[in-house]
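K.L.:
Each chain, written out:
Protein chains: 4
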Amino acid sequence: MNDDLVAHATRELVLANRILAREDVIDDFGHVSLRHPTNPDRYLLSRSRSPVAVTSDDIMEFELDGTPVDQRGRRVYSERAIHGTIYMARPDVRAVIHHHARAIIPFTVTKLVLKPVFHMGSVMGATVPVWDSQDEFGDTNMLVDDLPRGHSLARALGPHRSVLLARHGACNVGHNLRAAVFTAVYMKDNAAMVLASLPHGPVSYLTPGETEKTAAMLLSDMPLARAWDYWLTRANFAGL
Amino acid sequence: MNDDLVAHATRELVLANRILAREDVIDDFGHVSLRHPTNPDRYLLSRSRSPVAVTSDDIMEFELDGTPVDQRGRRVYSERAIHGTIYMARPDVRAVIHHHARAIIPFTVTKLVLKPVFHMGSVMGATVPVWDSQDEFGDTNMLVDDLPRGHSLARALGPHRSVLLARHGACNVGHNLRAAVFTAVYMKDNAAMVLASLPHGPVSYLTPGETEKTAAMLLSDMPLARAWDYWLTRANFAGL
Amino acid sequence: MNDDLVAHATRELVLANRILAREDVIDDFGHVSLRHPTNPDRYLLSRSRSPVAVTSDDIMEFELDGTPVDQRGRRVYSERAIHGTIYMARPDVRAVIHHHARAIIPFTVTKLVLKPVFHMGSVMGATVPVWDSQDEFGDTNMLVDDLPRGHSLARALGPHRSVLLARHGACNVGHNLRAAVFTAVYMKDNAAMVLASLPHGPVSYLTPGETEKTAAMLLSDMPLARAWDYWLTRANFAGL
Amino acid sequence: MNDDLVAHATRELVLANRILAREDVIDDFGHVSLRHPTNPDRYLLSRSRSPVAVTSDDIMEFELDGTPVDQRGRRVYSERAIHGTIYMARPDVRAVIHHHARAIIPFTVTKLVLKPVFHMGSVMGATVPVWDSQDEFGDTNMLVDDLPRGHSLARALGPHRSVLLARHGACNVGHNLRAAVFTAVYMKDNAAMVLASLPHGPVSYLTPGETEKTAAMLLSDMPLARAWDYWLTRANFAGL
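Protein chains in written order, with numbering that gives the first Met the number 0: chain S, 0 to 239; chain L, 0 to 239; chain V, 0 to 239; chain A, 0 to 239.
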């Protein structure tokens, strides 16, 4: 039964990879992981390749410190520290996504604050902190490629669902895989909507009450199932 | 013969679902309905699923108060109240669309007024009111998921063809299905044109006379047939 | 041999229709015509349907006053007056395109002047006049659907290769079909480049000398053949 | 063995052509070349056709002065001087790309300075000079179609990886083919990110230290292999 659970989780994770590629959240770099379905001290993540091309055979198992359980010579993502350190810090989190979706970049290089501007954007959370590798680590190659940087980023994420990385990208987490994907897709769309609205005068964001109620509704099973069905249909049409 | 009419209406409604998905009017959420061809106290609407994936088997019949006629365990859209309340208030309306097309969002979160800026935009009407769920209902999950909210929204729509939902999306209606689809597609394009023009100085909108004459021409049978043929061709090429 | 010429012209015109659809110049409305290869007092134009779907069987022959030569019950474009009146006024013109490419709309609703900003944009010409149906005809349905409006528009075009229609769209002409298509595609791209550049300070346009020399080079046979080959490849990949 | 190396280089160059077309770096005009794998005084470049359609049979060999080694009646790019003059000036360069990617055009027609704004943009280099054909050559057809213009452009490029051509486009170079493609793709994306960020207040660019360290990492073999795999997957899905 454990095997069945892992096989199912692997399949879902492959689909999440394809969906995030199709929906322009992740391009050549970036990745999505899933906490192991029976062992919370491990997570599943593809070997080092672009999500658009990931298959079941690429999915590997990792310790939370990033050690591959059964590497068999496969190359691993250098930024896998992002995933393990968030799983350590956040027992409630079962899926983590790291990406460079273009619409969020302006919020990582200016003083603009990213807030929910339409109901779907509520899922990213009322507060989206920004982490800057300069603050603790100075000039680097900008990757989160060791545990100290991972822990630093996880601290910045805190109890939230989303965190921005200055001049780099973002992470989203979820209580399950679909919630994480939903959050990443709609953080991206919400960012684009804010950018499109700002030139046209003061912008009305969702109230805290609207954000909380709407996110709770959208991250429940039925909306997540409907969105998942939609993304799979689109990924299929794209031949992914 | 009644059966033939319903079968035909069902087929057209499936095509409208696919077209609205292909033309980026509706994504995972949002829906399109059609008043029942022989019983004006009912309407046709898909079960709860994304328009990109809707087939004939998904089309259900509803009372105007949202009661499914023959549910057979199928999940229904929680926002179907939008459709029934508009059909109650507007005997002239035979099709209703609810969507979150991205280009219209900035008009729902700023003081920008959406007006026809090029001839095709005339179809949305000279006046596009804005409804805000905060005004009567305060902090909610932002869905129009009961009759009181539906009636409130229908009042805001009034005699018009389009209404915006603050921080949420829009609705469009038509005297037939093609007119509603045409109105939704071109409200979206018109919104994008206004946003693209505003940074470059005062914008000249259509005069009231131009808006009325042009909309009357565009919402007549021949232009609607040409656009429908176009959208079907595109949806086919996309494998939808 | 006359038949061969007409068959060849028809085939090329069908390809131009598909290319203009694929390159997002023409959507559901808009059209492209070709002067008859042996009778300069006639032109070839599709029956009333969207270019994305046009086939050889749709191509009809028209007198310059818009009379179909052999209608056989087919519906004709109401705006065909655009084509005939330009062919009357401009013996040098062998192809005419009318479209509503989105990027040019802002130039038809503001005081922005459309000028060549990158070398490819030179083909639209140094001067792009704007015609407004209000000036001579007041409130209308905004179509150029009779000869007086066509003549008015042709006067506005004058000796140029491009003309904008206020709150409506544009026309491009060419000394052959490929030149007209090239001009339409790159007027669109040039417009988008101007819009993208203006927010970032004073814009340097091509000098008159650069515009003339570059356009002469680009509208010669070799560049036109290379672009045509490119567009056909793309249209094929799109399944058109 | 020489033949094997040339066959391999030819295959890679064809893939680079298709990738640059798929990733919207090169459209109908523009080209990519590769220094000959065994004879540094020659380079490989397609005959005159759009990269989207290039096959192995189109790849030709050129002397650095632009003389085709075995022309067999094939038409050659008029701007091949760009490639030869850069190979002469820069022994470290093994691949050259010339393109008109839309996002970089605003930086060629305004005073905007193009700098790395997110980590992926580091690859274009901290300094991107601008060359203007007006400065030395006055009004021209704007092509770099003889050796004097090529040498002038190569001087402007200097020791950098990227150079902009005023009112025209850009060139990117690499120590190998994948590095050049990577640099072109991400210069384009970085330009788009700068344009999207500037309206929203002062922009924080990468520090010189971040730029150098991040570029060194991204232009190493593993990231280049991952990106290449990604681009091939996308080009395949597009039927290219």
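Please keep in mind that the hints were generated in silico from the structure rather than gathered at the bench. Incorrect hints may appear among the rest.
[Said to hold, decoys possible] Just a sample of chain V residues kept apart from chain A, beta carbon distances all over 12 Å, derived:
#1 SER55
#2 GLU60
#3 GLU135
[What the hints assert, rightly or not] Covered stretches of chain L, going by a simulated chain V footprint (3 or more residues, C-beta under 8 Å):
#4 100-107
#5 182-192
#6 195-206
#7 222-228
Since the structure is predicted, the reported quantities are computational estimates derived from the model, not experimental observations. The beta carbon of each residue, even a glycine, is placed where N, CA and C say it ideally should be.
K.L.:
Does each hint hold? Answer for all of them.
P.N.:
Going through the hints against the structure:
Taking the minimum C-beta to C-beta distance to chain A, about 24 Å, the non-interface status of SER55/V holds against the 12 Å cut. No beta-carbon of chain A comes within 12 Å of the beta-carbon of GLU60/V; the shortest separation is about 31 Å. Chain A leaves GLU135/V outside its interface by the beta-carbon criterion, the shortest separation being 36 Å against a cut-off of 12 Å. Counting residues of the region 100-107 of chain L whose beta carbon lies closer than 8 Å to any beta carbon of chain V gives 0, which falls below the threshold of three, so the coverage claim is violated.
Given as covered by chain V, the region 182-192 of chain L passes the check, having 3 residues with a CB less than 8 Å from a CB of that chain where 3 are the minimum. Coverage of the region 195-206 of chain L by chain V holds [criterion: at least 3 residues with CB-CB distance below 8 Å; count 11]. A count of 4 residues in the region 222-228 of chain L with a Cβ less than 8 Å from any Cβ of chain V is obtained; the coverage claim is therefore met, three being the minimum.
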